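Asker: As you go down the protein sequences, you meet chains A and B in turn. Our numbering applies: residue 1 is where the first sequence begins, and numbers increase by one. Our numbering applies: residue 1 is where the second sequence begins, and numbers increase by one.
Bear in mind the hints are in silico, worked out from the structure with no lab data behind them. Check the hints yourself; a few may be wrong.
[Unchecked claim] Residues from chain A shown here face chain B by an in silico Cβ test under 10 Å; the list is partial:
id, residue
1, A76
2, G77
3, M96
4, W105
5, G154
6, L173
7, I265
A quick note: this is a predicted structure, and the numbers were derived from the prediction, not measured. Glycine included, each C-beta is placed from N, C-alpha and C at the ideal position.
Listed here are the chains, written in short residue letters.
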Amino acid sequence: MLDSIGSYGPPGPQPAPKLIVDGVSKWFRTPRASVHALDDINLSVGDGEFICLVGPSGCGKSTLLDIIAGLTRADAGRVTADGQLVEGPGRHRLVMFQESALFPWLTAFGNVMFGLKLVPDLSRAERRETALRYLRMVGLERFAHANVHELSGGMRQRVAFARSLAPDPHVLLMDEPLSALDALTREQLYADIQRIQQDRRKTIILVTHNVREAVCLGDRVILLSPTPGRIRESFPIHLPRPRDVNSIQLAEYTERITAALKGYIVPETV
Amino acid sequence: MKRFVLAFLFFVALAGAWQLMVQTGRWSPVLLPSPRDVAVYLWSAAQDGTLVAAIGVTLRRLLVGYAIGLAIGLPLGLLSSSVRFVEDTVGVLALGLQTLPSVCWVPLALIWFGQTEGAMLFVVIMGTVWSVMIATDTGARTIPRVYARAARTMGSEGFHKWTRVILPAALPHLITGMKQGWAFAWRSLMAAEIYVTVLSGFGLGHLLHYGRELNAMDQVIAVMLVIVAIGLLADKALFGPWEHFLHRRWGINAREA
Ligand SMILES: Nc1ncnc2c1ncn2[C@@H]1O[C@H](COP(=O)(O)OP(=O)(O)OP(=O)(O)O)[C@@H](O)[C@H]1O
Ligand SMILES: [Mg+2]
């Protein structure tokens, strides 16, 4: 009983949501054309919930994450995090990018420390200790003093993951963090992410092209369709944790969601 | 070690060939002094302090001017990379002035400052500022956008972002620009010292100039050697550690950067 409370899963009665996206729209105006990237996006994310956004390329997933992070302004609507209006980027909403955004002028440890140094009210020792703890969590303690160029692609994303988690953000936004990796490394990271999520219980929004990945990681999988980007469907995933990407039940969910997704990719102009 | 020995042998052979050329007697010793004469001059000049004093004067001008040039060029480069107005004004000016060989500043410096230390410094600063500024600008512009975005989501803004993210990210470009600025500064200072006599201090350029006036070819060649040696040493001492850092940390070969 206690176990089921401690583990995260489809949450029951909800307190106030952690993050509210309210009627967000976005246009990109270029000299040649005006792209309607997002149209009236409404989304409410509970505390500790793991949301996966899937959708065809160009449907505005990255744009939505940027708006939630405060890196891009919405043309209409607003984002509220912890009851506060999002007006700019801030360390409570960290983003983990698709390409490695590790700083090459710092070591792995230095990279994890970068965000920690911006957290007030921590002593030097606490910062160092926290950085090492997160590096250990992603299995790279031994590489703390390695330079970024000496790490493999998968190791870099692990360090990036540690860097995003270490400052203890309220919300973690991940934009296709694993898509550049090979299948084996990716499966290893699914396990890592689930394990860490089990004991850290972060609110996470993850963007991916990979429906399997979304089903494996998400409490909810949200489907977007392109031109303009709209939320189409939301699939709660009722599977026990930890999940195995290769399990049959997972494949069933994947099949359903993929079928739905295909419906939106088929061009409407026939 | 093997490389060192090879290099050493090469220079010994060079000196040997020079000595042989002198011994054939085809050139007058007034035009071509022997390596020994040059060494003797170097030794005596080092003993009586003229050489050390001249090196001191020259290096002081160079380092002070270069430091001021950096202090102006770096912020200007950062500004022009981010503020459209500065880019369109000072940025264009810098592009133009950078093509101007720095010796061309000497006449202007003389008219403005007279035969003073100020004129020397001015020439060195003009040699440094523009190339440092342009390199900083290019460096800051070519940084992958994701670095600044990642930094901002971690709460790095304003001064922190510029000093902890933009500057280090631009480091490979900065070092190239600083090296170029150094080379320009060194050249322009030598030109200025040869042209202009400043009573407040005799630098290496003046020593070279008086060598010619006195037809003292051993002095001319000796001073040239000293100038070359300082150029090499400064390059190693000032930029060697940075290039080493770039190579180790970023995994790039600074020579290719
Ligand atoms: N800075 C920009 N200027 C102009 N148009 C843009 C800009 N950024 C995004 N867009 C447009 O907005 C739309 C959504 O882009 P976005 O990058 O959010 O898509 P995405 O869903 O993340 O795609 P992918 O899965 O390929 O990463 C696209 O049509 C794109 O062309
Ligand atoms: Mg994207």
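Asker: All hints are to be evaluated individually against the structure, with a verdict given for each.
Answerer: Quick rundown of the hints versus the structure:
1. A76: Given a least distance of 23 Å, the restraint on A/A76 is violated.
2. G77: violated (20 Å)
3. M96: OK, holds: A/M96 within 10 Å of chain B, min 8 Å.
4. W105: Constraint on A/W105 satisfied, holds at 4 Å.
5. G154: Violated. Min distance 18 Å.
6. L173: At about 8 Å, which falls below the 10 Å cut-off, the nearest Cβ of chain B leaves the hint on A/L173 intact, so it holds.
7. I265: violated (28 Å)
Hint violations for this structure: numbers 1, 2, 5 and 7, all remaining hints satisfied.
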